[in-house]
Each structure stands twice: as C-alpha cells, then as structure tokens.
Amino acid sequence: MEAFWIILTGSLIAISCSLLGAYLILRKMAMVGDAISHAVLPGIVLAYLFSASREALPMLIGAAALGVLTTVLIELFYQKAKLQVDASIGITFTWLFAIGIILISVFANQVDLDQDCVLYGEIAYVPLDLWITDSGFNLGPRAVWISAALLVFVLLFIQRFYKALFITTFNEDFAKALGINVAFYHYALMGSVSLSTVVSFESVGAILVVAFLVVPPAAAYLLTNDLKKMLLLSAVFAFLSAFGGYYLAAFINGSIAGAMASVAGIIFLLAWGVVYLNKQQNQLKRKYKSASVVH
Amino acid sequence: MLKETLDFLSFTDPNVRYVVIGSVILGASSALVGSFAFLRKRALVGDAIAHSVLPGVAAAFMISGVKDPLILIVGALISGWLSIVMIDGIVRTTKLKSDAAIGIVLSVFFGVGILLLTHIQQSGNGAQSGLDSFLFGKAASLTPDDIWVFSSIGSFLVVIIFLFFKAFKIVSFNPDYAQTIGLPVKFIEFLLSTITVLAVAVGIQAVGVVLMAALLITPASGARFWTNKLGKMLFIATTFGVISAFVGSYVSYIAPNMPTGPWVVMILSLLTVASIWFAPKKGMLARLKTRRENQNKILTENILKLFYHLGEKKEDFEVGRSQEILLENRDFTEVELKKGLLKLKKKNLLRNKKNLWYITQSGLSEAKRIIRLHRLWEMYLNQRLKLEPDHVHNDAEAIEHIITADIEKQLEKELAYPEKDPHQSKIPYNDN
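Chains A and B are the protein sequences, given in the same order. Mapping of the first sequence onto our numbering: residues 1 to 295, in sequence order. Mapping of the second sequence onto our numbering: residues 296 to 727, in sequence order.
Bear in mind the hints are in silico, worked out from the structure with no lab data behind them. Glycine is no exception: its CB is placed at the ideal position from the N, C-alpha and C atoms. A couple of the hints might just be wrong.
Dumping the calculated DSSO-like pairs for lysine-lysine here, alpha-carbon to alpha-carbon at most 27 Å [unchecked claim]:
hint, chain 1, residue 1, chain 2, residue 2
1, A, 289, B, 390
2, B, 584, A, 82
3, B, 392, A, 80
4, B, 577, A, 82
5, B, 390, A, 229
6, B, 392, A, 28
7, B, 390, A, 28
8, B, 663, B, 708
9, A, 228, B, 390
10, A, 228, B, 392
11, A, 176, B, 390
12, B, 336, A, 82
13, B, 524, A, 80
14, B, 392, A, 163
Covered by chain B, according to a simulated footprint, are these stretches of chain A (three or more residues, beta-carbon under 8 Å) [claimed, not checked]:
hint, stretch
15, 33-45
16, 215-228
17, 245-255
18, 263-277
Based on the sequences and whatever the hints tell you, model everything.
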C-alpha cells in the first residue's frame, strides 16, 4: 500500500509538472521554470509565518505571488536594466533563494522546514500524513488529494486555454495581431508553474521539480512535432519516471525523488538515442540514394 | 555588538581567520572566473555545473571510500566536465535549445547525485558525514586544510587567467575572429570550461549547490554596469566578491545562527542591484536622466521652431504669442507646453508679458539654427539621396535635434550653402 501511495503521488505531481513544462520547453523558458521553482521558497516560509501552520491556501498564495514576482524581476532586469537574459534569471532566483534560507534561519523555531527537504523533498513520508475526517474516516494520504487537485487544475487550465496557449506559444506576434492578451497567458502560465512547484515542493523539493518540469516534455518533444502528442507523451514519460523511480530507489536504497529524476534522465537518453540513430540512418539512406543516382 | 565587531576585525579568533580567508578566496576566484562565463552568455551553465558536480563527488567517495578533498574535487571535475559536454551535445544534435539542455542536465545530474548521496548515508559508512557540505556549503566551519586546498586552486585560477588573458578576452567577445587569427579556440574554450568547473568544485563547498551560481554570475553582472573595459570589469567583480564574502562572514559571526553563504549572496545581490540603479552612464537612473534631458531638448527646440514658423509667415518675429495660439499650431499637450515655455524662459530664449510670449534675440538665433539644420538635411536627402521633397520632412524632424556643429559645417560645405530647401523655404543663416 505504501508503494502505491508514493507512486500515485509521484505520478500525479510528475504529470502536472510535465504538462506545464511542455509549454515552457516550447516557449524556450525552461530556465524560468527552474528559477520559479527555487524562488517560491521565501513565499513558502512567509506563508508558514503568517498562518503558523501548513495550511494549503496561504502557501499557494505565497508561492504564486513569489512566482509572479520572479518573472517580473527577471523581465525588469532584462528589459529595463538591459542585463542579458541568462544573468537576469541567475541573479533573481539565487537572490530569492538566499532570502528564503535566511528567513528559515531567522525563524528556525517557528518554521518547520529544513534544508534537505527544500532540496530534495520527503516523498517517502507521504503515506504517514493521513487525512482523517472528523468522523474518523480514513481518506488516505493528504498529499495524494492535494496533488490530485493540482492535476485537475492543470488539466482544466490547459483544456480551457488550449487554443490561446497554442497561438501565444508558437506565434506571439500573430497572437498579438489577433488581439489576444499575450501578457495574460504568460502570467497565467507562470502562476500555474508556481502553483505546481509549491505543491510538489514538500514531496520532491526545489530542484527535482525541475526534473519533472523539463525532462519528460523535452524527451517527448524530440519524438514528435504535434503538441497534443507531445502532451500525451510527456504524461506517459512522467508516469514512467515516477513508477520506475520508486523501484530504483528501493533497489539501491536511496532517495526516491532522486531516483525519479534519474529515471527521467534515462528516458531522455533513450529518446535522444532513438532520434540520433534515426537521423544517422536517414543520412545513410540519402547517401545511398544519391550514390545510386550517379551510377 | 561593538565588542564583537572589534573581535571580528582583529582576527584573533583562528576560526574567524579561516572563515574570512576561505570565503574571500572563493568569492574572488568565482567572481573572476564567472566574469568570462557571463561575457560568453553562459551564466546558467555555471548553475548547471554547480548541480552536476554532485554525482561526481558521491561516486568519488564510493570508489575511494575516503573523504580526501582532492579526490572529491577530481570526481567533481569529471562530472562537472561531463555536464558541459552533455549540454553542448544536446544543443548540437537535437532541436532542443540551450535553456532546455541546461535544465535537463542540471536536474538529472542532481537527481543522480542525491540518489548516490542518500545511498551512501543509508549504507552507514561513518566517514560520509560532511559530504553534504557539497549540498549546502559549510562556510562557517572551514578548516586549515580547506584553506590550503582553496587557496592553491584559487591561485592556480588566477595564474591561468593572467597567462591567457588576451586569448580569453578574444574568445569571449568574438570567437569567430579568434578562429580567423589562428587561435586554438577549442582549446581555449576547454580551458575556460575547466577553470569554471574548478571554481565551482571548490566554491560549492562554501555556499552550496544552489547559491554557487550567484557567486559566478552576480558580481560580473553588477560590474558590467560600471565599465566597458574587461580589466576594470574583472577588478570590480572581484572586489564585489571580496566585499560580500567579508560582510557575509561578519554577519554570521555577529549572529551565529545566520548562515554565511546566503548572506554572501544577499550582499552580492544588493551590490549588484545598487550598481544597476546607480552606476554612472549605464545605470537605470543615469539612463532615465539622459532620456529626460533628450525629451526636454526636443520639446524646447520644437517650441522655438514654432515661434520661427509663426514669425516667418509675416516676416515679423517680434509678435507676442498666447498659449492658445501655440497650441493651435502644433500638437503639444498643455502641460508639456507650459513646462517647455518655463524652461525656455529660464534660459532667456523666451520672455513673457502677461499671457503673451516673445522670442528673444538669442532665442531667435537658436531657432534659426534648428530650422537651418532641418532644412539643410531635407536638402541633403533630396539632392544626395534623391528622395522626393515630400518624403524628407519626417526624417529631418527627428535628426535636427541630433546634428552637431561639425556635421552642420560639413552639410553646408557639401551643399554649397543652399539658399532654399526642397520646399522653397528660405534657409536662415546666422548672418542674415
């Protein structure tokens, strides 16, 4: 049963992140996702302080606010101060992350967060935190419900805005010409990324969220040019990473989140290999063809 | 507080000495190396390397079974190196862009690192404690051994940068040019990557995985706002690194539960944000000021031009004009016109009697200058670029505010002091 809950939580989180991550990859904003996943830390700490608990709502608000702040800061550095984009991203997230760690140290006795958890989460403890109703009915681990809610949210978000996201992702100028509010979809996407980050935070930590955001959709992107297929493949790869990761971790007795990221990496390597070999083969075929034409 | 400050500054406590010396060496060498990564627009690759050294460190420990800093650094070097090769490989052979490649390599390497590290912790090998300083840094507990390793690697980095300064400079700014003049670009890029990996492998022990990127990127970003010269930029970036390392260790000495690494990054970020705002010329305030000055210049010059145009019609420049008349004849907002009129009055180019405004002698000659530039330029476009007379006005409207006295003279000579512009209006020279 324990394995089931962990794999279920991992898959739900991984699928939510990969679906949003597909858009980040296509918009060439993978590192913005990375930045957001680090920068929500101060938001989480402040939410802890103000609500004095692990209440979901203040956390989500704090994280979403920080996520949007991150994008605004990056754009400010990039567009107003004319700093190059990679440096703008780097400065923003390290600064916010440092502030988060400082806040944790200052309020160490009020904030129940430690650095390990921040970096690689505690998905192994998911089955321990059960949601039991007042009448004593056991609904299963709390994290499962939260990550299921996240997935529903992400699916609704993509379904509701599919067309607009599609156009703004592939041709921003055309979208503008059609009168679509490009900035709205940009911030909506960033806000959703922040939400998924904070939901995933406790389970897999700041850095492995990035593995789910980036790696499965990148592997899917290598294999297809069709957005719908890419989303579907990302979800499949995300599930496989979570599933395989659990057993890999059990096998070598290590961090589950780390193992999930490792499996995602293996899937990416396989996809890369397939694409690479295909390319070689096509080149060979072409060479053979042109050679036979000459003779 | 004062006593602690004096204690800290006197360096009598050996612990303070180690922490300060160690952090300063790390801050300085990362800033130096990071400047080149910044200029090559590979700032985030530094972040990827910082995450990617982890599996190397863990593997080195698993293979050797001891926590020798040198062996661990060799492991870090190898996996840091591998990460660069992977990023370049992904970008070169797939349709993924560098941001995705960096994200993939960073998170997967880190995941593998965490997996190995937790495996080591579970295995109960007593020697492993302290390996997680690669994760979070341990600036507050540096030992003399660490200082030895840090300072030898730090001085090695400085020597390399000193020896290859020119080559690094050319490759950073213009790799194509470097190739043409026969520099071994591949080798130099290899060297640059190696020193980055080295700087990361030691720096990460002070501030940890996540914040390492800041030691590389942030000082260079701030320094870039102060100068366009590479030498100066390296100097300023290094100074930022040193100052923040010093202040960071001071803060964590005064308040012992404060982490050193995050405070170093905090100070660095503040220095850089201050640079972004206040640096002369390139800073935001300086740029805002220049822009406002330009806007004012254009506004006042346009008002003077309007006085000239109105006077030109009746060949009488002495007539007073009310604000209403001025607004009728050119598209100003009322606020902007009032602002411009007051500025011109201050410069004694206009004067007013009650509601009427008059142009002064010096105002008139300034107005003539601008009109002259406008019409000369129209003439130039018409005669030399063969543009039709009805196509030249808008261009002249913009450039009249920019042309310098030198260019004016050249234009006059080039066009042989024409009397009229393409629209047959008289070009006013100073002597008439």
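### Query
Of the numbered hints stated previously, which ones are contradicted by the structure, given in increasing order?
Hints that this structure does not satisfy do not exist here, as all of them hold.
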